[in-house]
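S.K.: Each chain, written out:
2 protein chains.
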Amino acid sequence: MVRDRDAIRGKPVTMKLVSPGEAAANTNDIPSEAGEEFVRIGEMAKKYGVTLRTLRFYEDKGLLNPHRDGSTRLYTRRDKARLKLILLGRKVGFSLRDVKQMMDLYDPTGTNTKQLRLALDKSEKQLARLQKQRALIDDAIGELSNSMTAVRQMLSERTAAPQASAAG
Amino acid sequence: MVRDRDAIRGKPVTMKLVSPGEAAANTNDIPSEAGEEFVRIGEMAKKYGVTLRTLRFYEDKGLLNPHRDGSTRLYTRRDKARLKLILLGRKVGFSLRDVKQMMDLYDPTGTNTKQLRLALDKSEKQLARLQKQRALIDDAIGELSNSMTAVRQMLSERTAAPQASAAG
DNA sequence: TATAGGATTGACGTAAACGTAAAAGGTGCG
DNA sequence: CGCACCTTTTACGTTTACGTCAATCCTATA
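In order, the protein sequences belong to chains A and B. Numbered per this note's numbering, the first sequence finishes at 192, counting up by one with no gaps. Numbered per this note's numbering, the second sequence finishes at 192, counting up by one with no gaps.
The set of hints was computed from the structure by calculation and includes no laboratory data. Relax, there's no trap hidden among the hints.
Output of the computed footprint for chain A on chain B, the stretches with three or more beta carbons under 8 Å from beta carbons of chain A: (1) 107–120; (2) 127–140; (3) 146–160.
C-beta atoms are modelled at their ideal positions from N, C-alpha and C, and glycine is treated no differently.
Using the sequences and the accompanying hints, generate a full structural model.
M.R.: So, in structure tokens, the structure goes:
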């Protein structure tokens, strides 16, 4: 059935597929003795600490493109690599749109100069944003600390003074 | 008409109202010679760098309570003080809900100890959040810098090496 | 065969803080 | 008188990254 479906979709089945026995391992307790080429969504999610919803969402957004066994998603090393990049991108603050833009430029047959340049360009801008954010946060921390000092002051003086103006 | 409406709403008109002449100053070019007790939404917005929508939104959320001249909002010093607090709160990262919670505890007849304690409590938590955010940002900056270095490396080496693994 | 576990698609919900019309009313000035 | 300007309420739209059902399906195991 698996191969039939893939054949129907016109995909040449040249890669090794999981054997029926391995596919039966729903409970992902079996760590796969050799090179588990395909993993399903549950295992993938656990491995990378994301939810199923997230993986489907990324796919919906065109960031992932797992193979299919009928309707079941099968993720390969390629998908894992892409997911890693997505997670890295999100970690440094890129939007999924940005990540997609950069990924879409990938061309396995070229030098990917354009992709790298775009990535560098976006990274520089993102770095600037991060630094600005950092400044804002530092500022906020400063103001908040000041306010806290003032509030503490008021609390300690609240026995005599008829409150100043902490709120209206 | 102005006073009539206020009278209808049962509000004692003890405070000084803008004279008909002053009220005519729609174009807020007249900076008000004395103590302009009431300002309308446009002037208020300009004075504090927010939009009309924002002021109405804050009112809708129960954060502001301007008087009314019929249907026209009239803001007083009190509202200005509150708005300042709101803006400070937002600056340090409080949600409007938090701000409201704190403001709602204000009691002009008491010591406001509870309010101050709540503010201090929320502030401590917020400070922790800000510091955590800062750490995350620093982390992101680090990772991003690393990636950028790697990308630059790849760009400079792209003449010989057949690209490594910048994307999939 | 019943059951427990995955998996699928579809689609509405969430959070925050407004933005953006839309339709209409009031007003002093030229 | 009419324009330009200010104001009002109502209400849907925006953004981002998923969360949370809901209804179904498939499958291996006890």
